[in-house]
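Asker: Single-letter residue listing:
Protein chains: 2
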Amino acid sequence: MLYDLIIIGGGPAGVAAGIYAARQNLNTLLIAKSFGGQMTRKSVDIENYPGFEKISGLDLMQKFEKHLRKNKIDIEIDSVSKVEKVSGGFYVSATSGKQFQSKAVIVTSGADPRPLEVPGEKEFIGKGVSYCTACDGPLFGDKEVAVVGGGNSGFEAAISLHSYAKKVYILEFSPQIKADEINQKLAQKYDIEVITNAAIKEIKGKDFVDSVIYQDRKSQKLITLNVQGVFVEIGSQPATSFAKDLVEFSEKDEIKIDPKNNMTKTPGLFAAGDVTDVRWKQIVIAAGEGCKAALSAYEYIINHG
Amino acid sequence: MLYDLIIIGGGPAGVAAGIYAARQNLNTLLIAKSFGGQMTRKSVDIENYPGFEKISGLDLMQKFEKHLRKNKIDIEIDSVSKVEKVSGGFYVSATSGKQFQSKAVIVTSGADPRPLEVPGEKEFIGKGVSYCTACDGPLFGDKEVAVVGGGNSGFEAAISLHSYAKKVYILEFSPQIKADEINQKLAQKYDIEVITNAAIKEIKGKDFVDSVIYQDRKSQKLITLNVQGVFVEIGSQPATSFAKDLVEFSEKDEIKIDPKNNMTKTPGLFAAGDVTDVRWKQIVIAAGEGCKAALSAYEYIINHG
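Chains W and P, in that order, are what the protein sequence lines are.
Counting from 10, one number per residue, gives the positions in the first sequence under the working numbering.
Counting from 10, one number per residue, gives the positions in the second sequence under the working numbering.
Derived by calculation from the structure, the hints in this document are not laboratory data.
Please read all numbers here as calculations on a predicted model, not as lab measurements.
One thing to keep in mind: the hints can contain errors.
As the list claims (entries may be wrong) - Heads up, simulated SDA-like pairs for lysine to any residue below, C-alpha to C-alpha not over 20 Å straight-line:
no., chain 1, residue 1, chain 2, residue 2
1, P, 194, W, 308
2, P, 81, W, 57
3, P, 269, W, 286
4, P, 79, W, 191
5, P, 81, W, 195
6, P, 79, W, 62
7, W, 75, P, 55
8, W, 72, P, 63
Assemble the whole structure, with the sequences as input and the hints as a guide.
Answerer: Put into structure tokens, the structure is as follows:
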């Protein structure tokens, strides 16, 4: 079956694209590993998606999925392994072995957590090392934990952890903190200890994590922090391997798009949301970008159909 | 008082910008004639703002306004008459005579309905001529009405009017219909009569409208359609007069922005939403753009403060 459009990804950008594509009567397939994208890893309630004063990432994800499913659209829960350009459109292959065909494709595959890549990190995943505060935070009741990363997601993770843990540290590599001021104030209020100039060197433990070792980049000294949990919040890696031959990448490995119409360097291949080089990664921006990509793909399909 | 940021407009773009600016701890003033922008003129329920499967424009507007007011932000209900660049920032003058000062400005003043500019139009405003189906539709119970404009807003107006009026026409100037297919199908289902190639020449009546005269652009014949209501839905005019010396305009009189960061040609002056040359005018796009503009303005203020 030849679809008009295949959307890859089930986060805010993919859902918005799906709603708009279905309303344009495009014969559309959405393929996603799961719904919600990074929203489901959010450690604090979302208070900045206009229309919802305060909502958990899980609840907003469910609203998005329900909204999408109300429309006429095919949905496959699967993982995309390859997108190929062929005459008249694209082949999209999934790890299940299924293959689909369409006239146009929108990539909204978002981003995965970026690992620290230090000794001990991989070994202790699930044994003290976590990339998801919302999932694992409650396991650290009355323990001491370190969050690595002083951006908004690091601060939000720390703020969320403070309600479980006995002591929360934030370790930031650079000399300055980049989190919003509102988050910095909350961290101060909750006695979260912020350590800047900290280069993580190793995560240690026996069965479970018992410490993290960092180098103070000013004094060059190695310092051991006794913690039972390490939450890694140092940004994300765009999930783009399946399309790497068809797009250009920014220096952050994001897919470069024309910001006016979300087209990549391959005609008919669009991208939206956190997987792209859009300057800021926010739910409402991703949703708006998904909408733009769908309307742009609609025009492309009409003109090349 | 010197604000960090003044936001002009209370539609989706302005509200999103306000929420984000307040969360960045910017000392912010939002000036708007009213809240909701064009959403309040929507004639059918909104079904494409992700997260709300179906909601009236009025209800969504109220949610937006409530969400905004939950944040620390000053709000003035007023109309902006002039924005001037001065040393260190901007003066913003309102028609009330008040004047405000800020380091940066975001224009999200949206767009007003575009008039037909034919004889009879002005005279019969409120007497059969309307630019707001949501406001005036219910007054046309069991009457015959014409909607001028065959785009999505024209079709949505006609679809909404069909539940009141005895007969609904859509008059479109061009040979083709540009509305979404979903809207075209609904119009067909509801026996809405679509007339293309119709150039409106005059609106006639005594105390109230009793007919609209159009020229069939193929046969050149003048045709009189007996209707008691004329709903004008031929697009909108960006509301930009107060900033005209500081920005560049597209051929549609929209404010030109850098699509990456929402900056206009004047440093410190940003714009977002339907007032700009963003390609598609949709609520979720406007909200995303407002968010982008606020985060961009934040960076500007930090770097130039």
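Asker: Determine for every hint whether it applies to the structure shown.
Answerer: Each hint tested on the structure:
no., hint, in the structure
1, P/194 with W/308, "holds (19 Å)"
2, P/81 with W/57, "holds (13 Å)"
3, P/269 with W/286, "holds (9 Å)"
4, P/79 with W/191, "holds (14 Å)"
5, P/81 with W/195, "holds (15 Å)"
6, P/79 with W/62, "holds (8 Å)"
7, W/75 with P/55, "holds (16 Å)"
8, W/72 with P/63, "holds (12 Å)"
In summary, the structure agrees with every hint in the numbered list given earlier.
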